[in-house]
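From first to last, the protein sequence lines are chains A, B and C.
Quick note on my numbering: the first sequence kicks off at 1 and runs consecutively.
Quick note on my numbering: the second sequence kicks off at 1 and runs consecutively.
Quick note on my numbering: the third sequence kicks off at 1 and runs consecutively.
Don't read these hints as lab results, they were simulated from the structure.
Some clues are possibly wrong.
Partial pick of chain C residues on the chain B-facing surface, computed with a CB cut under 8 Å [stated by the list, open to error]: (1) 2; (2) 4; (3) 8; (4) 10; (5) 15; (6) 16; (7) 26; (8) 155; (9) 158; (10) 159; (11) 160; (12) 165; (13) 166; (14) 168; (15) 471; (16) 472.
Where is the CB? At the ideal position from N, CA and C, for every residue including glycine.
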Amino acid sequence: MLRPVVLHELQQLMRDRVGVVVLLLLGLALAGGLTTGLTMQRKQQAIHAGVQAENARHFQEMRAQLEAVAAGRKPKGFFFANRPTAVRYTIARPVSPLTVLSLGDSELMPASAEVGLFSSSTTRFQNASIDNPQNQHIGRFDTAFVLIYILPLLLLALTYNLLSVERERGTLPLLLNQPAGLLRILLSKSLASFLLLVVPAAVVPPAVTLLASPGAAGHFANLALFVLLTLSYGVFWIGAALLVNLLGLRSATNALLLGSLWLTMVLLLPATLQAALDAFYPLPSRIELISQARVAEVENSQKRKEIADRFYQDHPELVPAGGKENRTLDFYATFLETEKAVHPVHAHFEQQLSAQQAWVRRLQFLSPAVIFREGLAAAAGTHSANLAGFRQQIDAFQTQVRDFVLPRVVQARELTLADYAVAPVFPSGSARAVSLPWSGLIGLLFPSAILIALASRRAASIESIFLKG
Amino acid sequence: MLEAIRLSKSYNGVPALTELNLKVDAGEIFCLLGANGAGKTTTINLFLGFLKPSDGSALVGGKDVQADPLAARRQVAYIPEQVMLYPSFSGLENLQYFSALGGHDYSPAQLRTFLFEAGLPEEAISRRVGGYSKGMRQKVGIAIALAKQARAILMDEPTSGLDPKASNEFSRLLEQVSKKGVCVLMATHDLFRAKEVGHRVGIMKHGRLVATLGTAEISHLDLERTYLDHMRD
Amino acid sequence: MTLTIARKELIGMLRDARFRICCVVVLLLLGAALLTGFVSRRAYEQQRANAVKAERHAWVNQGEANPHSAAHFGRYAFKPLLAASLLDKGLNSYLGQAVYIEGHVQNPFRHRPAEDSTGLLQFGEMTGAAVLQYLLPLVILLLTFNAFAGEREQGTLRQLLSLGVPPAKLLAGKAIGIVTALAALLLPAAVLGAFLMQQATAGDASQSALRLAVMTGAYLLYLLAFTSLSLGVSASAATSRMALLVLLGFWVSSSLLVPRAAASLAESFYPTPILPEFLKEVNEDMEKGIDGHKPPGEKEEELKQTLLKKYNVKSEKDLPINLTGLILQESEEHGNLVFDKHFRQLRDAYGKQYGVLQAASLVSPLLAVRSFSMGLAGTDLWHHHNFADAAEAYRRKWVKRLNDDMTNNSRTGDFSYKVGRTFWEATEDFKYTPPGVGEALRTQTGSLLLLAGWLLGSILFAAWAVRRMSAIEEA
Chain A
1 MLRPVVLHEL
11 QQLMRDRVGV
21 VVLLLLGLAL
31 AGGLTTGLTM
41 QRKQQAIHAG
51 VQAENARHFQ
61 EMRAQLEAVA
71 AGRKPKGFFF
81 ANRPTAVRYT
91 IARPVSPLTV
101 LSLGDSELMP
111 ASAEVGLFSS
121 STTRFQNASI
131 DNPQNQHIGR
141 FDTAFVLIYI
151 LPLLLLALTY
161 NLLSVERERG
171 TLPLLLNQPA
181 GLLRILLSKS
191 LASFLLLVVP
201 AAVVPPAVTL
211 LASPGAAGHF
221 ANLALFVLLT
231 LSYGVFWIGA
241 ALLVNLLGLR
251 SATNALLLGS
261 LWLTMVLLLP
271 ATLQAALDAF
281 YPLPSRIELI
291 SQARVAEVEN
301 SQKRKEIADR
311 FYQDHPELVP
321 AGGKENRTLD
331 FYATFLETEK
341 AVHPVHAHFE
351 QQLSAQQAWV
361 RRLQFLSPAV
371 IFREGLAAAA
381 GTHSANLAGF
391 RQQIDAFQTQ
401 VRDFVLPRVV
411 QARELTLADY
421 AVAPVFPSGS
431 ARAVSLPWSG
441 LIGLLFPSAI
451 LIALASRRAA
461 SIESIFLKG
Chain B
1 MLEAIRLSKS
11 YNGVPALTEL
21 NLKVDAGEIF
31 CLLGANGAGK
41 TTTINLFLGF
51 LKPSDGSALV
61 GGKDVQADPL
71 AARRQVAYIP
81 EQVMLYPSFS
91 GLENLQYFSA
101 LGGHDYSPAQ
111 LRTFLFEAGL
121 PEEAISRRVG
131 GYSKGMRQKV
141 GIAIALAKQA
151 RAILMDEPTS
161 GLDPKASNEF
171 SRLLEQVSKK
181 GVCVLMATHD
191 LFRAKEVGHR
201 VGIMKHGRLV
211 ATLGTAEISH
221 LDLERTYLDH
231 MRD
Chain C
1 MTLTIARKEL
11 IGMLRDARFR
21 ICCVVVLLLL
31 GAALLTGFVS
41 RRAYEQQRAN
51 AVKAERHAWV
61 NQGEANPHSA
71 AHFGRYAFKP
81 LLAASLLDKG
91 LNSYLGQAVY
101 IEGHVQNPFR
111 HRPAEDSTGL
121 LQFGEMTGAA
131 VLQYLLPLVI
141 LLLTFNAFAG
151 EREQGTLRQL
161 LSLGVPPAKL
171 LAGKAIGIVT
181 ALAALLLPAA
191 VLGAFLMQQA
201 TAGDASQSAL
211 RLAVMTGAYL
221 LYLLAFTSLS
231 LGVSASAATS
241 RMALLVLLGF
251 WVSSSLLVPR
261 AAASLAESFY
271 PTPILPEFLK
281 EVNEDMEKGI
291 DGHKPPGEKE
301 EELKQTLLKK
311 YNVKSEKDLP
321 INLTGLILQE
331 SEEHGNLVFD
341 KHFRQLRDAY
351 GKQYGVLQAA
361 SLVSPLLAVR
371 SFSMGLAGTD
381 LWHHHNFADA
391 AEAYRRKWVK
401 RLNDDMTNNS
411 RTGDFSYKVG
421 RTFWEATEDF
431 KYTPPGVGEA
441 LRTQTGSLLL
451 LAGWLLGSIL
461 FAAWAVRRMS
471 AIEEA
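For reference, chain A alone in the conformation it holds in the complex (with noise of 0.2 Å):
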């Protein structure tokens, strides 16, 4: 790149008060999505502390109850800590500390999972919020939508008029005279955009992570990703600008143009998308899926006829002494039945919306705004891919506590305090950490270097033609 084109380009833009509004723009941009972020981060943050501690609160409950008893006093509330079914575990879904850098798909996550004899594969992950949906369909202010929607369009500002101004001022022929050519020119013009506005905006935010958010340090990798993600997304924007500028049109059409490409990309495609996979690969419906399970569930209770049992597991403390554990394990009979009875009508459900996440994995590459997105939740570890590692945890962790509990409730025991001592515990600690998309990156800049390889193309045949004529 030529120096003295950047310097001199950095310096215009900041003399033209144009380059000192869109870096004020974007400063501001970046303070309130960062803000928003930390925001929320610290409340999924409470939200998980809130869950384990509830979870310890419910273990210590029992011990205290066992303990009571032991000492000869009447336990506090309802006694069912000597029963194999108390041992029941709320988990909370690990929160990534790069939250604040894209809340992603992070808050329709579930927040919790519930694990233990009874508990059913299909309603385990806990979802309900009582978020604001007002809130949450207009949309978050955090820092991928700033790098998504507003770094595009302050870019734009400074790049629209690349050549056009060139022409327009009526420098454009000393221009065309220098030995560096056309494109090495453009490219340095753009360079000084790039390195005002794509360079901080793609660093500063990891910076603030790393103050801000205890844990981001451990995160090496997906802080990279993301710088690399932003500045890819900043070089394809600048290689669009510089292609339309080598069009040779007026600035104000320029500028049409590339809003209509910076339209179509970020708002028009990715709604159209989901429009359009909606209409050819809809999910199946979540009523008849309740329907189909209420159905099930029906048939297979009849065929118990155990309708006591259904009354008891309900209100344990109205059961006579004696007999219990028999008919926790006919209850764990009929639960069994019924799951498998549910289980295809939700598995085929899944299935479905695995299909539709894997069209979107396919279609991304048909927006740059989408790639990014999806890039950026994935390496701020809030894309509902990262919850896999978590649901894997649960599933095995479910299995331990069922071989746990289980055995106790067929050999008819009562808990003691040393069983609890034994309990299965959680692993705490982060899952297995989820492989980065760094495709994401090539999604980025294969387009850019199409446009720049176009973009060469057209400046050097404007070149000879200048030359010639």
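Fit chains B and C to the known structure of chain A by using the hints.
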């Protein structure tokens, strides 16, 4: 009909027009001569009420333009230096639109007459103005001014895009118009045309009217010499 | 004169290639959005109808059981979608479609479609409302940003004004011309919308038609406001480029920045509790008693003593009624009080957050029209709560009937009392009548006033701007 009384205009302290005193009667053609930036266009804009005078006043039909710019504009027709029209409409459509807005609802035949008088070729009338040459647009501008049937016409370099034949026809047209009692204030570089067509000429320099001459009394050569003398000072 | 100007503007617009491209794009998107909205709503209503039938079938065929057991078997309520939702899906994807009705607990709505969606959802849903709220203002801006500034740069403005055309008439003429062009653009979509609406409604045709008509009116206000604003900016700006920049900046701010920033601010000013906290507080109140009411354990004892005295017996086994049933109903009503208290607090917080959004509408007309559109389409929070409240009212009646039956028809300690098919069939099903357009309008008067305010303000601004507009590019 048109009168300027100590008319002055400055931009940020820089004077564009200083103390202009001028009177153009009905049927009179007055040509303002001068270099670029001498104040000719400023004068016209002041008469149109597009600018507010810093001092003095411009009167149209005896009334101050600033008091009621709309009324003043209705009495005056205007042919700018660059006649700009609506590119996706034809010459005829443009004329029809502007004359309708000027308060006249002409039939297409009448509109064609105006365009013919202005010298626009028959075949061009229905073509989109986007394809017109500068001279053709000028002729439409002339037609618009004629169609307005105003008592005064302000013109800014009306012959600058016209070839000598068209320029000559334009002079004939002006003579007819002034015979009908219309007064004309024309800003121009064209010394020859000014003497040919104008009754009086005024020489402007740096925003001042430095000389006023009757064209009947002097020859073309004298006019040129006087003009260059003033420009030299 | 105004009409002459309007006619010329309209013809000019129709001849403009930009306009024709916009026409095609907008109509395609709008048409596709309306069709998909129609199809998906029809599919949903079909599924819902089937589910309601299946649910009743399951309830009636649950076999013999103790009435209170049935309270745990539970029922389901499925939320209906109004026909007007084909234009505006509103919050639907973020609200659950079904609620599980059972004893002791007021459940949240489950299965928000957003949870099942891909990441694309966050880019926005392609609904008719989205096209009208986001895309159409952009089209208006692009077609009108150079209405005055462009003519000034071209030189035709000078020509026009030199004729003595009053600027106000010029403004009116341009506005009428542009609006007529837009109306022509939207007419096919409006016809399609009306047709689909008619196909979509079964019984409540007049209500749906009214809702759609009112929504259309609001969108007109919104788009007219944008048109005025754009004309005003074009008249005040020194160059057409400046006009475009200002208008695009306004669009980005109104459509993207202000709504999201307002949502963030709303949540930080009036935070809602996180779920673990909420549940903890609910549980505490459940166990300890609330607002001067005695804790459940105490009440049980009191109740027992009262009854023993009333029927003059020594032990609960001798009571002619089932004490357990009474106790269960008692705890049920205690639970209801607790839930009422906490959900009221939650809704208060939501309401205050909504207030922040309304305030932000002063700076973003999109927020106002968005709120109004959702409110009339029946896809906003108010309609959701309306349904939720109706379902809850049903739940309380339903549980009471079950508990009362158990209380009155069995004795304390006798758990073999069962009821069967006749009892289940006699259960009243949950019937829900959606609110009428009048009620919905009443909740949205604020938004409507804001939209009217925007229109008035933008017209005044445009009128002021043309009055002081310069005919020529001043040095």
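Hints, verified against the model:
| no. | hint | in the structure |
| --- | --- | --- |
| 1 | 2 | violated (10 Å) |
| 2 | 4 | holds (5 Å) |
| 3 | 8 | holds (5 Å) |
| 4 | 10 | violated (12 Å) |
| 5 | 15 | holds (4 Å) |
| 6 | 16 | holds (7 Å) |
| 7 | 26 | violated (21 Å) |
| 8 | 155 | holds (3 Å) |
| 9 | 158 | holds (6 Å) |
| 10 | 159 | holds (7 Å) |
| 11 | 160 | holds (7 Å) |
| 12 | 165 | holds (5 Å) |
| 13 | 166 | holds (6 Å) |
| 14 | 168 | violated (10 Å) |
| 15 | 471 | holds (5 Å) |
| 16 | 472 | holds (5 Å) |
When the structure is compared with the earlier hints, violations turn up for hints 1, 4, 7, 14 and for no others.
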